[in-house]
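Q: Residue numbers (this note's numbering), protein chains in the order written: chain A, 3 to 334; chain B, 3 to 334.
Hints may contain errors.
Which copy is meant is left open, so a pair is good if it fits within one copy or across any two.
[To be verified] Below, simulated SDA-like cross-link-like pairs (lysine to any residue); rule was C-alpha separation at most 20 Å, straight line: (1) K28 x Q4; (2) K28 x R235; (3) K28 x A236; (4) K28 x A40; (5) K28 x E104; (6) K28 x P63; (7) K28 x L125; (8) K28 x L260; (9) K28 x P204.
No lab work stands behind these hints, which were simulated from the structure alone.
Number of protein chains: 2
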Amino acid sequence: MQETHIGLAHGNGGRIMRELIEQVFKPALGNPLLDTAADAAALPPLDGELLITTDGFTVRPLEFPGGDIGSLAVHGTVNDLAVAGAQPRYLTLNAFLEEGLEIAQLRRLAASIGEAARAAGVLVVAGDTKVVGRGECDGVYLATTGIGVRRPGLQLGMQQIRPGDRVLVSGPVGEHGAAVMLARESFGMRAALHSDAASVLPQAQVLWGLPGVRFMRDPTRGGLATVLHEIARASGCSLSVQEQAIPIRETVCSVCELLGFDPLYLACEGRVLAVVAEEAAAPALSALRTVAPEAALIGAVGEEGAQVVLETRLGGRRLLDELEEEPLPRIC
Amino acid sequence: MQETHIGLAHGNGGRIMRELIEQVFKPALGNPLLDTAADAAALPPLDGELLITTDGFTVRPLEFPGGDIGSLAVHGTVNDLAVAGAQPRYLTLNAFLEEGLEIAQLRRLAASIGEAARAAGVLVVAGDTKVVGRGECDGVYLATTGIGVRRPGLQLGMQQIRPGDRVLVSGPVGEHGAAVMLARESFGMRAALHSDAASVLPQAQVLWGLPGVRFMRDPTRGGLATVLHEIARASGCSLSVQEQAIPIRETVCSVCELLGFDPLYLACEGRVLAVVAEEAAAPALSALRTVAPEAALIGAVGEEGAQVVLETRLGGRRLLDELEEEPLPRIC
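Bound conformation, chain A alone (with noise of 0.2 Å):
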């Protein structure tokens, strides 16, 4: 192949496009269930039940501090099945790309799907390609489906969530969301932040072996207020989170405060929000703190009431409101 960017040649279904998936995904993606030849995969016996989650990616930029595009779009739906309580065992891929788009960069996000898959213990059997003309998609969106087998006795749900439970956090929030708008150079600030993503398998599997874990989700697009709202509005119980005992980064917090965003709104990429029994909080925070050592209890399940309360620094209690706008388009 001695082409340097992606022609629309690359998405024609001939020998370009075959020598595209040869050269720069079978290297990086390669194992044995991957035939780039076959209409479809053939998956070994599972034993258990199957669960399945997709997802789409559309980051900007593609490469950020602590991540890119690849391998925020294995942990993302390696994280889905992790938190619903499933090990994960196979990925699909599909890629839109921009004709223009440099192969080296391609090579790039292709490694880094390879590497994210390698961690999680995924493997990718199934894959598409497809080529759009010059500003018809911005650069690569991509999106994966995941298939994982759900640890046997575990039925993690929202209906599960009772008046009393806990909430915990696995790790400070927000910084996946912030990281990226400063990557943004439009914003033409530096600071020293990475995003958090990452996979959450290690922390979600400390949990699943725990009596009194009832639900558990990773905060992504909307944050972690965002989940919060969908637990009171599924549950119909009112929550309340105390404002210091929410993990957010300093730089975190003066990134928001100098562009007027709210870091409970950002999204994570790699926290566990759980939601836990009373009794079970304790031993739930110890475990979880032995693979995030910054993991904290924030906060509680009430009575009726179907919202979220804030209970501030300084003694005051608000509502969190839903979110209405968007703040961040393509934070994910």
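With chain A's structure known, arrange chain B on it following the hints.
A: Quick look at chain B alone, frame taken from chain A:
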């Protein structure tokens, strides 16, 4: 939901996005397994070997004579499973939407997805929606992943192909490519031409039960000629096809002559190419014609050579080259 067009807030993870999903996607796609509030969907036990496939869709225009990007996304993935010998069961769906997209059009596309899925007997079990800014994608891109169960005992694949085998096609070729091309206003032409986009499940199913069926594929991007090349390359055999035996509608021929395209390289989206043992050719053709009356025997697999020879109407022979350029970007 009061809005008439997609805005960035439809991708924010909050209320407005939830309303879009509940009011547009859920009514069209709803089924007991689709829980739009969950991270992952649990699949009922599947009895047999699982096959998985994935595809992206960027067709322009979004709606064309004979189909739209919604039904195309379902059929494309259903068809990949069908030709691999698997009964399609579940789909996941990713939508990338451009700010400014008309919601009425999105509703039509969602309805079309739902209708195609019901007709093929598949359930959409998980989905994701991303919104990008104006000019950052062209309307709608979709990605679908499909899971199916292999018909017990059926092992189709290019490695089964032997010299002496026969090549069948289930109907006229090139109609999808020609119809989409004409639907692009830039050509300023109109003709009574519809895409062949459809589920090929009925065609594949009649062949699943027959002995001597080696391999099937739906000739999409790159058309019939590209699949023939893939077979020649994978089998190391020379393939010969008879020009006069290949069904092509007259309108497709006329459009191709006018615009300088070769219909053998134009995408089909509702045809099956099948390679069968010599003695299976007659029964396979009869079986195929019960559901696809225009099916035809078009050629045979020869000895070594890894090339594709067209025996022309005038008695000549010419090599069908592999596709080098991309004559029709965003055809699927």
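Q: Where does the structure disagree with the numbered hints, that is, which hint numbers, in rising order?
A: Failing hints, ascending: 6, 8 and 9.
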